[in-house]
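Could you build all of it, start to finish, from the sequences and the hints given here?
2 protein chains.
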Amino acid sequence: MSETAYPVTPRNRVKRLHERGRYDHETVHAILDAAMICHIAYVIDGQPYCTPTAFWREGTHLYWHGSSASRMLRVQKPGIPVCLTVTHLDSLVLARCGFNHSVDYRSAMCFGTAHIVEDLDEKAKALDIMIDRFYPGRNAELRPSTTQELKATMVIGMTIEEASGKIRAKGVGDEEEDYALPIYAARFPVTQVIGAAEPCPRMPAGVPYPPGLAGFTPGRRLDEIMTESYRTTYGPGQSDD
Amino acid sequence: MSETAYPVTPRNRVKRLHERGRYDHETVHAILDAAMICHIAYVIDGQPYCTPTAFWREGTHLYWHGSSASRMLRVQKPGIPVCLTVTHLDSLVLARCGFNHSVDYRSAMCFGTAHIVEDLDEKAKALDIMIDRFYPGRNAELRPSTTQELKATMVIGMTIEEASGKIRAKGVGDEEEDYALPIYAARFPVTQVIGAAEPCPRMPAGVPYPPGLAGFTPGRRLDEIMTESYRTTYGPGQSDD
Numbered sequence: 004m005s006e007t008a009y010p011v012t013p014r015n016r017v018k019r020l021h022e023r024g025r026y027d028h029e030t031v032h033a034i035l036d037a038a039m040i041c042h043i044a045y046v047i048d049g050q051p052y053c054t055p056t057a058f059w060r061e062g063t064h065l066y067w068h069g070s071s072a073s074r075m076l077r078v079q080k081p082g083i084p085v086c087l088t089v090t091h092l093d094s095l096v097l098a099r100c101g102f103n104h105s106v107d108y109r110s111a112m113c114f115g116t117a118h119i120v121e122d123l124d125e126k127a128k129a130l131d132i133m134i135d136r137f138y139p140g141r142n143a144e145l146r147p148s149t150t151q152e153l154k155a156t157m158v159i160g161m162t163i164e165e166a167s168g169k170i171r172a173k174g175v176g177d178e179e180e181d182y183a184l185p186i187y188a189a190r191f192p193v194t195q196v197i198g199a200a201e202p203c204p205r206m207p208a209g210v211p212y213p214p215g216l217a218g219f220t221p222g223r224r225l226d227e228i229m230t231e232s233y234r235t236t237y238g239p240g241q242s243d244d
Numbered sequence: 004m005s006e007t008a009y010p011v012t013p014r015n016r017v018k019r020l021h022e023r024g025r026y027d028h029e030t031v032h033a034i035l036d037a038a039m040i041c042h043i044a045y046v047i048d049g050q051p052y053c054t055p056t057a058f059w060r061e062g063t064h065l066y067w068h069g070s071s072a073s074r075m076l077r078v079q080k081p082g083i084p085v086c087l088t089v090t091h092l093d094s095l096v097l098a099r100c101g102f103n104h105s106v107d108y109r110s111a112m113c114f115g116t117a118h119i120v121e122d123l124d125e126k127a128k129a130l131d132i133m134i135d136r137f138y139p140g141r142n143a144e145l146r147p148s149t150t151q152e153l154k155a156t157m158v159i160g161m162t163i164e165e166a167s168g169k170i171r172a173k174g175v176g177d178e179e180e181d182y183a184l185p186i187y188a189a190r191f192p193v194t195q196v197i198g199a200a201e202p203c204p205r206m207p208a209g210v211p212y213p214p215g216l217a218g219f220t221p222g223r224r225l226d227e228i229m230t231e232s233y234r235t236t237y238g239p240g241q242s243d244d
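So the protein sequences, as listed, match chains A and B. For the first sequence, this note's numbering gives the first residue as 4, with consecutive numbering after it. For the second sequence, this note's numbering gives the first residue as 4, with consecutive numbering after it.
Read the hints as simulated data drawn from the structure, not as lab findings. Keep in mind the model is a prediction, meaning the values are calculated, not measured. Each hint should be verified, as a subset may be incorrect.
Where chains are identical, the list cannot tell them apart; a pair therefore holds if satisfied intra-copy or between any two copies.
[As the list claims (entries may be wrong)] In silico SDA-like cross-links for lysine to any residue, where the CA-CA straight-line distance does not exceed 25 Å: (1) Lys-18 x Pro-84; (2) Lys-126 x Gly-209; (3) Lys-18 x Lys-126; (4) Lys-128 x Ser-105; (5) Lys-18 x Ala-208; (6) Lys-18 x Thr-116; (7) Lys-126 x Pro-192; (8) Lys-18 x Ser-148; (9) Lys-173 x Asp-226; (10) Lys-126 x Val-196; (11) Lys-126 x Ala-208; (12) Lys-173 x Arg-224; (13) Lys-18 x Ala-127; (14) Lys-18 x Arg-234; (15) Lys-126 x Pro-13; (16) Lys-18 x Gln-50; (17) Lys-173 x Arg-223; (18) Lys-154 x Arg-171; (19) Lys-18 x Val-210; (20) Lys-126 x Gly-24; (21) Lys-128 x Lys-173.
Rendered as structure tokens:
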């Protein structure tokens with residue numbers, strides 16, 4: 004485990020089942036880098052919104068695509084507070100009483116101030132990195148973005164000011180006196196997997212399968228692929244800076 | 004498609020790619036009922052939080068487990084505004100330019116006012132339903148909850164005041180002039196599946212596999228299982244009231 008950690012404050016301290024809380028960069032970043040989709044909470048006129056979107060990490064910065072918060076950000080140049088959360092569901096846990104039913108999971112909550120990436124060059128670079136972060140080497144194979152496409156794309160970024168990870172990985176946990184009861188108890192693993200590629204039927208003949216997608220094999224876990232893509236693109240040294 | 008629909012207001016109107024927006028109960032409820040985990044956004048002192056949790060639907064009401072919002076709710080008896088979001092990732096879409104890279108997905112955002120279910124009987128009933136909603140018939144097989152367990156569990160509920168569904172299911176969509184380019188383009192299906200049950204090693208010999216879990220077969224999609232469980236428990240007539 005790395006010694007570098009996010010500060011623990013009342014905002015990010017894990018309250019419920021606090022023994023599951025982690026604050027070190029290595030744990031938090033591993034949860035983030037295994038995902039493509041996050042949920043972002045933000046507030047407009049006191050009303051909270053929760054929006055799913057694709058995101059990616061660079062060191063202790065997070066970036067994502069535009070959302071309804073864009074309207075808010077257009078007028079609030081200094082930025083708005085957000086909470087970006089990633090959750091991996093790892094199992095269903097069926098215990099001997101309702102109270103001990105649970106799920107195994109890995110989740111990370113990141114707090115920061117969101118701001119628009121306005122500069123066109125910076126935005127173009129961010130979007131190129133985004134593609135390669137998910138699909139190593141792919142950006143070089145694509146038709147380059149037009150200025151119009153760049154202008155139509157909103158990129159939002161934030162520095163992670165505080166973060167926490169929370170992991171449950173213990174499967175069935177029951178009260179000692181309940182284990183002898185004749186009740187079925189089990190853990191059902193849950194994974195998110197990709198299927199076989201469905202090539203676009205309008206592709207010209209002879210287009211080769213990109214080498215950067217070699218790891219995208221049918222049945223493979225998406226969290227493993229995303230972690231691998233991240234490390235391929237950024238290198239192991241970048242994965243925890 | 005049912006004719007019953009949620010009202011469309013500035014709060015829930017889908018802004019980005021608004022042609023993907025759906026407001027009818029049938030579409031929104033189908034997205035909700037296919038899920039076990041949601042993300043909930045709420046605000047404490049201007050700071051947004053985004054928390055993952057298990058949830059379930061009864062008609063146009065949603066219920067979920069306690070979260071950090073609990074502290075807030077303890078002092079704000081009339082309730083606090085929340086946004087509950089469910090997202091199913093259905094595919095990765097690799098197009099011929101960065102701009103047209105996308106994912107297929109189904110998501111639902113529900114707006115309402117969260118309040119604590121304080122009454123112990125009502126809470127007990129809600130938790131029994133929760134277990135059966137995920138695992139049909141299971142509640143009757145369990146060691147009954149103790150009063151202490153009930154008191155230690157926080158159940159939060161809300162009426163869906165407004166909601167929107169958003170669905171993308173078109174796979175690769177490129178600019179007409181890009182289709183002829185020699186660039187690999189494809190859709191990779193993504194599914195969340197369960198694995199083989201891992202029975203608790205401390206179970207006594209001879210405990211039978213519960214008939215209510217007959218649909219929990221290895222490799223099956225979790226969204227299909229959750230939809231099936233919902234309908235088994237509530238019946239088809241309840242699924243869209």
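For each hint, the structure was consulted:
In the homo-oligomer, the alpha carbons of Lys-18 and Pro-84 lie at most 25 Å apart both inside one protomer (21 Å) and across protomers (21 Å), since each shortest distance falls under that limit. For the identical chains of this complex, Lys-126 and Gly-209 are neighbours neither inside a copy (33 Å) nor across copies (62 Å), given an alpha-carbon limit of 25 Å. In this assembly of identical chains, Lys-18 and Lys-126 lie within 25 Å of each other by CA distance solely across copies; the values are 22 Å between and 37 Å within a copy. For a Cα distance limit of 25 Å, the shortest separation of Lys-128 from Ser-105 across copies, 18 Å, qualifies, whereas the shortest one inside one copy, 42 Å, does not.
In the homo-oligomer, the alpha carbons of Lys-18 and Ala-208 never lie at most 25 Å apart, since the shortest distance is 57 Å inside one protomer and 38 Å across protomers. For the identical chains of this complex, Lys-18 and Thr-116 are neighbours both inside a copy (22 Å) and across copies (22 Å), given an alpha-carbon limit of 25 Å. For the identical chains of this complex, Lys-126 and Pro-192 are neighbours neither inside a copy (39 Å) nor across copies (29 Å), given an alpha-carbon limit of 25 Å. In this assembly of identical chains, the alpha carbons of Lys-18 and Ser-148 lie at most 25 Å apart only when taken from different copies (24 Å versus 45 Å within one copy).
In the homo-oligomer, the alpha carbons of Lys-173 and Asp-226 lie at most 25 Å apart both inside one protomer (19 Å) and across protomers (23 Å), since each shortest distance falls under that limit. In the homo-oligomer, the alpha carbons of Lys-126 and Val-196 never lie at most 25 Å apart, since the shortest distance is 31 Å inside one protomer and 36 Å across protomers. Taking the shortest alpha-carbon separations for Lys-126 and Ala-208, neither the intra-copy value of 34 Å nor the inter-copy value of 61 Å comes in at or below 25 Å. For the homomeric pair Lys-173 and Arg-224, the shortest alpha-carbon distances inside one copy (20 Å) and between copies (23 Å) are both at most 25 Å.
Taking identical chains as interchangeable, the C-alpha atoms of Lys-18 and Ala-127 lie at most 25 Å apart only when they sit on different chains, with a minimum of 24 Å there against 40 Å within one chain. Taking identical chains as interchangeable, the C-alpha atoms of Lys-18 and Arg-234 are never at most 25 Å apart, the minima being 32 Å within one chain and 35 Å between chains. Taking the shortest Cα distances, Lys-126 and Pro-13 never come within 25 Å of each other, neither inside one copy (33 Å) nor across copies (29 Å). For the identical chains of this complex, Lys-18 and Gln-50 are neighbours both inside a copy (24 Å) and across copies (16 Å), given an alpha-carbon limit of 25 Å.
Proximity of Lys-173 and Arg-223 under a CA criterion of 25 Å is satisfied in both settings, with 23 Å inside one chain copy and 23 Å between copies. Taking identical chains as interchangeable, the C-alpha atoms of Lys-154 and Arg-171 lie at most 25 Å apart only when they sit on different chains, with a minimum of 23 Å there against 42 Å within one chain. For the homomeric pair Lys-18 and Val-210, neither the shortest alpha-carbon distance inside one copy (53 Å) nor that between copies (37 Å) is at most 25 Å. Taking identical chains as interchangeable, the C-alpha atoms of Lys-126 and Gly-24 are never at most 25 Å apart, the minima being 34 Å within one chain and 28 Å between chains.
In this homomeric assembly, Lys-128 and Lys-173 never come within 25 Å of each other (Cα to Cα): the closest approach is 41 Å inside a single copy and 27 Å across copies.
Comparing the model with each numbered hint stated earlier shows that hints 2, 5, 7, 10, 11, 14, 15, 19, 20, 21 do not hold.
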